[in-house]
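Throw the hints in and build the complete structure from the sequences for me.
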Amino acid sequence: DGGITQSPKYLFRKEGQNVTLSCEQNLNHDAMYWYRQDPGQGLRLIYYSQIVNDFQKGDIAEGYSVSREKKESFPLTVTSAQKNPTAFYLCASTGRTGEKAFFGQGTRLTVV
Amino acid sequence: SQKIEQNSEALNIQEGKTATLTCNYTNYSPAYLQWYRQDPGRGPVFLLLIRENEKEKRKERLKVTFDTTLKQSLFHITASQPADSATYLCALLSGGYNKLIFGAGTRLAVHP
Chain A
145 DGGITQSPKY
155 LFRKEGQNVT
165 LSCEQNLNHD
175 AMYWYRQDPG
185 QGLRLIYYSQ
195 IVNDFQKGDI
205 AEGYSVSREK
215 KESFPLTVTS
225 AQKNPTAFYL
235 CASTGRTGEK
245 AFFGQGTRLT
255 VV
Chain B
1303 SQKIEQNSEA
1313 LNIQEGKTAT
1323 LTCNYTNYSP
1333 AYLQWYRQDP
1343 GRGPVFLLLI
1353 RENEKEKRKE
1363 RLKVTFDTTL
1373 KQSLFHITAS
1383 QPADSATYLC
1393 ALLSGGYNKL
1403 IFGAGTRLAV
1413 HP
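Heads up: the sequence lines are chains A and B, in that order. First residue of the first sequence: 145, per my numbering; consecutive thereafter. First residue of the second sequence: 1303, per my numbering; consecutive thereafter.
No lab work stands behind these hints, which were simulated from the structure alone. Please note: incorrect hints may appear among the correct ones.
Unchecked claim - Here are the computed lysine-lysine pairs in the DSSO-like style, where the Cα-Cα straight-line distance is at most 27 Å: (1) B:K1401 x A:K201; (2) B:K1373 x B:K1401; (3) B:K1401 x B:K1365; (4) B:K1365 x A:K244; (5) B:K1305 x A:K201; (6) A:K244 x A:K214; (7) B:K1401 x A:K227; (8) A:K214 x A:K153; (9) A:K153 x A:K215; (10) B:K1373 x A:K244; (11) B:K1361 x B:K1373; (12) A:K215 x A:K201; (13) B:K1373 x B:K1319; (14) A:K244 x B:K1359; (15) B:K1401 x B:K1359; (16) A:K215 x A:K244; (17) A:K244 x B:K1305; (18) A:K244 x B:K1357; (19) A:K244 x B:K1401; (20) A:K227 x A:K153; (21) A:K215 x B:K1401; (22) A:K244 x B:K1361; (23) A:K153 x B:K1401; (24) B:K1373 x B:K1305; (25) A:K158 x A:K201; (26) B:K1357 x B:K1401; (27) B:K1359 x B:K1319; (28) A:K227 x A:K158; (29) B:K1361 x B:K1319; (30) B:K1305 x A:K227; (31) B:K1357 x B:K1319; (32) A:K201 x A:K244; (33) A:K214 x B:K1401.
Model, not experiment: these values are computed from the prediction.
Structure (structure tokens):
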């Protein structure tokens, strides 16, 4: 079955560390997205990519970085420059038209 | 400025009644609008998409309307059930790079 997989489900980060969240899809989707969700809040767009080797900043890109070297993969790195990284991170993918997004199960990142 | 707004207050209704959720947008001209359901700790799941030339779309107990003059979409759940309790998000595409953005969501609680 096709789908989108995020790993790990839970991640703990020490202050000053960079961590990378994985997102893989086998839906043959061109577009992939990363969102951050804080408790009781909506989804805020961090980065998105429409094609391989190209990506755009979303509304809250500071302190994050991404790469899109393969169509199937869109990893997100939370850098030490992100001062408040504790949140629920969601990855999504769509076809070229942006319709009917599929989401992963999310990664809950906590700073310890 | 551009905004996509949903009622931030939770909607509480009795089982069997119709739930109506609102999505308003400002300074966008979306070709279509999407609705998703999110359960706690999970990624959103796509429900319905309505295009600008469609007034209404139905799927089982769900109905969506789209008024491009009012810049508003309404999402209805008829004969609501406790299992319908969740957060419902609207989403649209913004800009030439297909930036997929979401409203903050409205939490629906259906009481037996």
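Evaluated hints:
For the hint pairing B:K1401 with A:K201, the CA-to-CA distance comes to about 10 Å; that is within 27 Å, so the pair holds. Note on B:K1373 and B:K1401: the hinted pairing holds, with a Cα-Cα distance of about 18 Å set against a maximum of 27 Å. Proposed proximity of B:K1401 and B:K1365 is supported: the alpha carbons are some 25 Å apart, at most 27 Å. Proximity of B:K1365 to A:K244 is assessed by CA-CA distance (about 17 Å); at most 27 Å being required, the pair is judged to hold.
For a cut-off of 27 Å, the pair hint linking B:K1305 to A:K201 stands: about 18 Å separates their Cα positions. As the CA atoms of A:K244 and A:K214 are separated by approximately 21 Å, the hinted pair is consistent with the 27 Å bound. Taking the CA atoms of B:K1401 and A:K227, the gap is near 25 Å; set against the 27 Å cutoff, the hint holds. Of the pairs offered as hints, the one joining A:K214 and A:K153 holds, with about 22 Å between alpha carbons and a cut-off of 27 Å not exceeded.
In summary, the hint linking A:K153 to A:K215 is supported, as the alpha carbons are separated by about 22 Å, within the 27 Å threshold. For the proposed pair B:K1373 and A:K244, the alpha carbon gap of about 21 Å is at most 27 Å, so the pair holds. Simply put, B:K1361 and B:K1373 have alpha-carbon atoms about 22 Å apart, close enough for the 27 Å limit, and the pair holds. With a C-alpha separation of about 18 Å, the suggested pair A:K215 and A:K201 falls inside the 27 Å cut-off, and the hint holds.
Distance check on the hinted pair: B:K1373 and B:K1319 sit about 26 Å apart at the alpha-carbon level, within 27 Å; holds. Among the hinted pairs, A:K244 with B:K1359 is consistent with the structure: their alpha-carbon atoms are about 15 Å apart, no more than 27 Å. About 24 Å separates the Cα atoms of B:K1401 and B:K1359, which keeps this hinted pair within 27 Å; it holds. Under the criterion of a C-alpha separation no larger than 27 Å, the hint pairing A:K215 with A:K244 is consistent with the structure, at around 18 Å.
A C-alpha spacing of about 21 Å is found between A:K244 and B:K1305, which places the hinted pair at or below 27 Å, so the restraint holds. With a C-alpha separation of about 19 Å, the suggested pairing of A:K244 with B:K1357 holds against the 27 Å cut-off. Of the supplied pair hints, the one linking A:K244 and B:K1401 holds, its CA atoms being roughly 14 Å apart against a limit of 27 Å. Pair hint A:K227 plus A:K153 holds up; C-alpha atoms about 21 Å apart against a cutoff of 27 Å.
At most 27 Å may separate the alpha-carbon atoms for a hinted pair to count; A:K215 and B:K1401 meet this at roughly 18 Å. Only pairs whose Cα atoms come within 27 Å are accepted, and A:K244 paired with B:K1361 is accepted, the gap being roughly 15 Å. Among the hinted pairs, A:K153 with B:K1401 is consistent with the structure: their alpha-carbon atoms are about 25 Å apart, no more than 27 Å. Among the hinted pairs, B:K1373 with B:K1305 is consistent with the structure: their alpha-carbon atoms are about 11 Å apart, no more than 27 Å.
In summary, the hint linking A:K158 to A:K201 is supported, as the alpha carbons are separated by about 25 Å, within the 27 Å threshold. Our distance criterion of 27 Å between C-alpha atoms is met by B:K1357 and B:K1401, whose separation comes to about 24 Å. Taking the CA atoms of B:K1359 and B:K1319, the gap is near 19 Å; set against the 27 Å cutoff, the hint holds. Between A:K227 and A:K158 the alpha-carbon distance is near 12 Å, which keeps this suggested pair within the 27 Å criterion.
Annotation: proposed proximity of B:K1361 to B:K1319 holds, straight-line Cα distance about 17 Å (limit 27 Å). Of the pairs offered as hints, the one joining B:K1305 and A:K227 holds, with about 26 Å between alpha carbons and a cut-off of 27 Å not exceeded. Of the supplied pair hints, the one linking B:K1357 and B:K1319 holds, its CA atoms being roughly 23 Å apart against a limit of 27 Å. A distance of roughly 21 Å separates the Cα atoms of A:K201 and A:K244; the hinted pair therefore holds under the 27 Å criterion.
At roughly 20 Å between alpha-carbon atoms, A:K214 and B:K1401 fall within 27 Å of each other, so this suggested pair holds.
No hint from the list above goes unmet by this structure.
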